[in-house]
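Enquirer: Which chain is which? The protein sequence lines are E and F, in order. For reference, each letter of the first sequence is one residue, going 22 to 140 in my numbering. For reference, each letter of the second sequence is one residue, going 681 to 790 in my numbering.
Worth flagging that the hints you see were computed from the coordinates, not collected in a lab. Note that CB positions come from ideal geometry on N, CA and C, so glycine has one too. There's no promise every hint is true.
[Unchecked claim] Here are the in silico distance ranges between beta carbons for each label pair:
#, chain 1, residue 1, chain 2, residue 2, range
1, E, Ile59, F, Thr736, 45 to 55 Å
2, E, Gly61, F, Tyr693, 17 to 27 Å
3, E, Lys83, F, Ile688, 30 to 40 Å
4, E, Ser39, F, Ala746, 44 to 54 Å
5, E, Val75, F, Asp691, 38 to 48 Å
6, E, Gln71, F, Asn706, 16 to 26 Å
7, E, Asp84, F, Gln774, 36 to 46 Å
8, E, Glu128, F, Pro745, 18 to 28 Å
9, E, Gln101, F, Pro745, 43 to 53 Å
10, E, Lys83, F, Pro756, 39 to 49 Å
11, F, Asn706, E, Glu35, 11 to 21 Å
12, E, Glu35, F, Thr709, 46 to 56 Å
13, E, Gln38, F, Asp691, 38 to 48 Å
[Said to hold, decoys possible] For lysine to aspartate or glutamate, the following DMTMM-like pairs were computed, each having C-alpha atoms within a straight-line distance of at most 25 Å:
#, chain 1, residue 1, chain 2, residue 2
14, F, Lys777, E, Asp78
15, E, Lys65, F, Asp711
16, E, Lys65, F, Asp762
17, F, Lys777, E, Glu128
18, F, Lys683, E, Asp78
19, E, Lys83, E, Glu35
20, F, Lys732, E, Glu128
21, F, Lys777, E, Asp95
22, F, Lys749, E, Glu128
23, E, Lys92, E, Glu35
24, F, Lys683, F, Asp711
25, F, Lys683, E, Asp77
26, E, Lys104, E, Glu89
27, F, Lys777, E, Asp84
28, F, Lys777, E, Glu89
29, F, Lys734, F, Asp762
30, F, Lys789, F, Glu738
31, F, Lys734, E, Glu128
32, F, Lys777, E, Glu106
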Amino acid sequence: EAGVAQSPRYKIIEKRQSVAFWCNPISGHATLYWYQQILGQGPKLLIQFQNNGVVDDSQLPKDRFSAERLKGVDSTLKIQPAKLEDSAVYLCASSSIISGTGTSYNEQFFGPGTRLTVL
Amino acid sequence: LAKTTQPISMDSYEGQEVNITCSHNNIATNDYITWYQQFPSQGPRFIIQGYKTKVTNEVASLFIPADRKSSTLSLPRVSLSDTAVYYCLVAYNQGGKLIFGQGTELSVKP
Chain E
22 EAGVAQSPRY KIIEKRQSVA FWCNPISGHA TLYWYQQILG QGPKLLIQFQ NNGVVDDSQL
82 PKDRFSAERL KGVDSTLKIQ PAKLEDSAVY LCASSSIISG TGTSYNEQFF GPGTRLTVL
Chain F
681 LAKTTQPISM DSYEGQEVNI TCSHNNIATN DYITWYQQFP SQGPRFIIQG YKTKVTNEVA
741 SLFIPADRKS STLSLPRVSL SDTAVYYCLV AYNQGGKLIF GQGTELSVKP
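Kindly produce the complete structure, drawing on both the sequences and the hints.
Expert: Put into structure tokens, the structure is as follows:
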């Protein structure tokens with residue numbers, strides 16, 4: 022089974038430039054996540070999609086970050102304009118929702134990430 | 681405010697059992713706890729998941745006490761290849777929040 026694919030793996034840009042990251046989740050996974058992982062920290066959820074609808078984007082800096090998942094499969098995360106503090110690894114993950122005992126939980130499968138450096 | 685807290689680092693030797701604890705406040709009875717392993721330049725990889733008492737799989741055990749204010753990942757007989765960063769993740773059903781801890785860097789020595 023193919024894993025979560027992300028591209029590019031590395032990107033270096035100057036501040037105020039724009040950048041876009043692409044993610045292809047595992048086939049059949051309805052839920053897709055974008056995380057930001059700053060060096061030495063745990064991943065921080067930016068946005069969560071269920072099919073092509075947004076479940077949670079409360080930590081997405083909407084003045085500069087945007088994300089879409091138009092057909093409920095691939096997703097793109099964009100930053101415009103970039104700031105120095107956006108330097109981080111951007112992780113994409115996907116999962117199938119599993120329900121049991123009235124609750125649900127997600128085993129997430131992560132891609133390798135895109136390392137962004139803003140100069 | 682939901683928050684998860686882990687020790688920053690731990691050292692161990694090959695063959696020992698390692699226990700990594702994660703503290704999580706305001707966790708409800710049906711909120712799930714998941715542990716992930718991350719190697720440099722890779723995405724996190726699932727280890728184990730549960731929401732009460734004890735769960736065991738082929739690589740680890742997860743202990744969750746009755747008060748649910750913490751959980752412990754237990755790795756039996758670690759090897760050098762277990763050197764990695766370990767993260768706990770709490771899935772808060774109320775509000776649908778996913779909160780990762782800051783990670784515990786485990787170093788296994790010969």
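Enquirer: Next pair to validate is lysine 777 of chain F with glutamate 89 of chain E; report whether the Cα-Cα distance is within 25 Å.
Expert: Given pair lysine 777 of chain F, glutamate 89 of chain E holds - Cα atoms ~20 Å apart, limit 25 Å.
Enquirer: Do the Cβ positions of aspartate 84 of chain E and glutamine 774 of chain F conform to the proposed distance bound of 36 to 46 Å?
Expert: 28 Å, violated
Enquirer: State, for the Cβ atoms of glycine 61 of chain E and tyrosine 693 of chain F, whether the hinted interval 17 to 27 Å holds or is violated.
Expert: Check passed, 25 Å falls within 17 to 27 Å.
Enquirer: Take the C-alpha atoms of lysine 683 of chain F and aspartate 78 of chain E, compute the straight-line distance between them, and say whether it is at most 25 Å.
Expert: 18 Å, holds
Enquirer: Given the hint of 18 to 28 Å, check if glutamate 128 of chain E and proline 745 of chain F actually sit that far apart at their C-beta atoms.
Expert: Holds, since glutamate 128 of chain E and proline 745 of chain F (Cβ atoms, about 23 Å apart) stay within the stated range.
Enquirer: Run the distance test for lysine 732 of chain F versus glutamate 128 of chain E: straight-line Cα separation, threshold 25 Å.
Expert: 16 Å, holds
Enquirer: Is the gap between the beta carbons of asparagine 706 of chain F and glutamate 35 of chain E within 11 to 21 Å?
Expert: 41 Å, violated
Enquirer: That 16 to 26 Å hint for glutamine 71 of chain E and asparagine 706 of chain F (C-beta), does it hold up?
Expert: This hint holds: roughly 24 Å between Cβ atoms.
Enquirer: Would you check the hint for lysine 104 of chain E and glutamate 89 of chain E, treating anything up to 25 Å between C-alpha atoms as holding?
Expert: 21 Å, holds
Enquirer: Please verify whether lysine 734 of chain F and aspartate 762 of chain F have alpha carbons no more than 25 Å apart.
Expert: Judged against 25 Å, a Cα distance of about 22 Å means the pair holds.
Enquirer: Please test the hint of 45 to 55 Å on the beta carbon pair from isoleucine 59 of chain E and threonine 736 of chain F.
Expert: 33 Å, violated
Enquirer: Could one say that the CB atoms of lysine 83 of chain E and isoleucine 688 of chain F fall in the range 30 to 40 Å?
Expert: 32 Å, holds
Violated hints, in rising order: 1, 7, 11 and 23; the structure is consistent with all others.
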